[in-house]
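Novice: Read in our numbering, the sequence shown has 35 at position 35, and its numbers run on one by one without any break.
Keep in mind that the hints were calculated from the coordinates and are not lab data.
From the three backbone atoms N, C-alpha and C, an ideal C-beta is built for every residue, glycine too.
Among the hints, erroneous ones may be present.
[Claimed, not checked] What follows is a set of in silico ranges between Cβ atoms, one per label pair, in the way DEER data are often shown: (1) M1 x T23: 18 to 24 Å; (2) E74 x L21: 17 to 23 Å; (3) K34 x N5: 15 to 21 Å; (4) L21 x K62: 27 to 33 Å; (5) E74 x R20: 28 to 34 Å; (6) N42 x A73: 17 to 23 Å.
[To be verified] Straight-line distance between alpha carbons at most 30 Å, and here's what the computed DSS-like set of lysine-lysine pairs gives: (7) K45 x K34; (8) K7 x K62; (9) K71 x K44; (10) K45 x K62; (11) K7 x K45; (12) K37 x K62; (13) K62 x K34; (14) K7 x K71; (15) K7 x K37; (16) K71 x K45; (17) K7 x K44; (18) K34 x K44; (19) K37 x K71; (20) K34 x K71; (21) K62 x K44; (22) K34 x K7.
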Amino acid sequence: MHLVNGKVGATYIVENISLRLETNRRLQALGLTKGTKITVLNNKKSGSVIFSVRGSRLAVGKEIATGLEVKEAE
Numbered sequence: 001m002h003l004v005n006g007k008v009g010a011t012y013i014v015e016n017i018s019l020r021l022e023t024n025r026r027l028q029a030l031g032l033t034k035g036t037k038i039t040v041l042n043n044k045k046s047g048s049v050i051f052s053v054r055g056s057r058l059a060v061g062k063e064i065a066t067g068l069e070v071k072e073a074e
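With the sequences and hints as input, model every part of the structure.
Specialist: Right, dumping it as structure tokens:
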């Protein structure tokens with residue numbers, strides 16, 4: 001499932017990041033890597049998603065949220 005389809009309040013684990021190399025490296029620098037737990041804080045109708053990762057909040061647009069494959073955390 002892609003992060004753009006995530007539900008507010010749900011926790012997910014990043015399975016794959018399918019984005020341009022520059023974007024991928026920037027997200028890694030911000031702490032977003034495979035296996036990282038994230039919690040969706042807000043999911044806008046426009047496709048942008050706000051989520052928490054490693055104690056920080058990040059906001060990404062629809063294109064990036066679509067490139068982040070996640071699974072529900074258990």
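Novice: Confirm or reject each hint.
Specialist: Do the hints match the structure? See the list:
1. M1 x T23: 18 to 24 Å: 20 Å, holds
2. E74 x L21: 17 to 23 Å: Roughly 31 Å apart at Cβ, these two residues miss the hinted range, so it is violated.
3. K34 x N5: 15 to 21 Å: 19 Å, holds
4. L21 x K62: 27 to 33 Å: With Cβ atoms ~20 Å apart, the hint is violated.
5. E74 x R20: 28 to 34 Å: Once the Cβ atoms are compared, 31 Å apart, the range 28 to 34 Å for R20 and E74 holds.
6. N42 x A73: 17 to 23 Å: Check passed, 18 Å falls within 17 to 23 Å.
7. K45 x K34: 26 Å, holds
8. K7 x K62: 15 Å, holds
9. K71 x K44: With a Cα-Cα distance of about 20 Å, the restraint between K71 and K44 holds, given a limit of 30 Å.
10. K45 x K62: 10 Å, holds
11. K7 x K45: 12 Å, holds
12. K37 x K62: Status holds; Cα separation ~19 Å.
13. K62 x K34: Measuring from Cα to Cα gives roughly 19 Å; hence the hint holds.
14. K7 x K71: Holds, at roughly 12 Å.
15. K7 x K37: Roughly 14 Å between the alpha carbons, so the hint for K7 and K37 holds.
16. K71 x K45: Given pair K71, K45 holds - Cα atoms ~21 Å apart, limit 30 Å.
17. K7 x K44: Judged against 30 Å, a Cα distance of about 10 Å means the pair holds.
18. K34 x K44: 24 Å, holds
19. K37 x K71: With Cα atoms ~10 Å apart, K37 and K71 stay inside 30 Å; holds.
20. K34 x K71: The hint holds at about 11 Å.
21. K62 x K44: At roughly 9 Å apart (the allowed maximum being 30 Å), K44 and K62 satisfy the hint.
22. K34 x K7: 19 Å, holds
Of the numbered hints given earlier, the model fails hints 2 and 4; all others are met.
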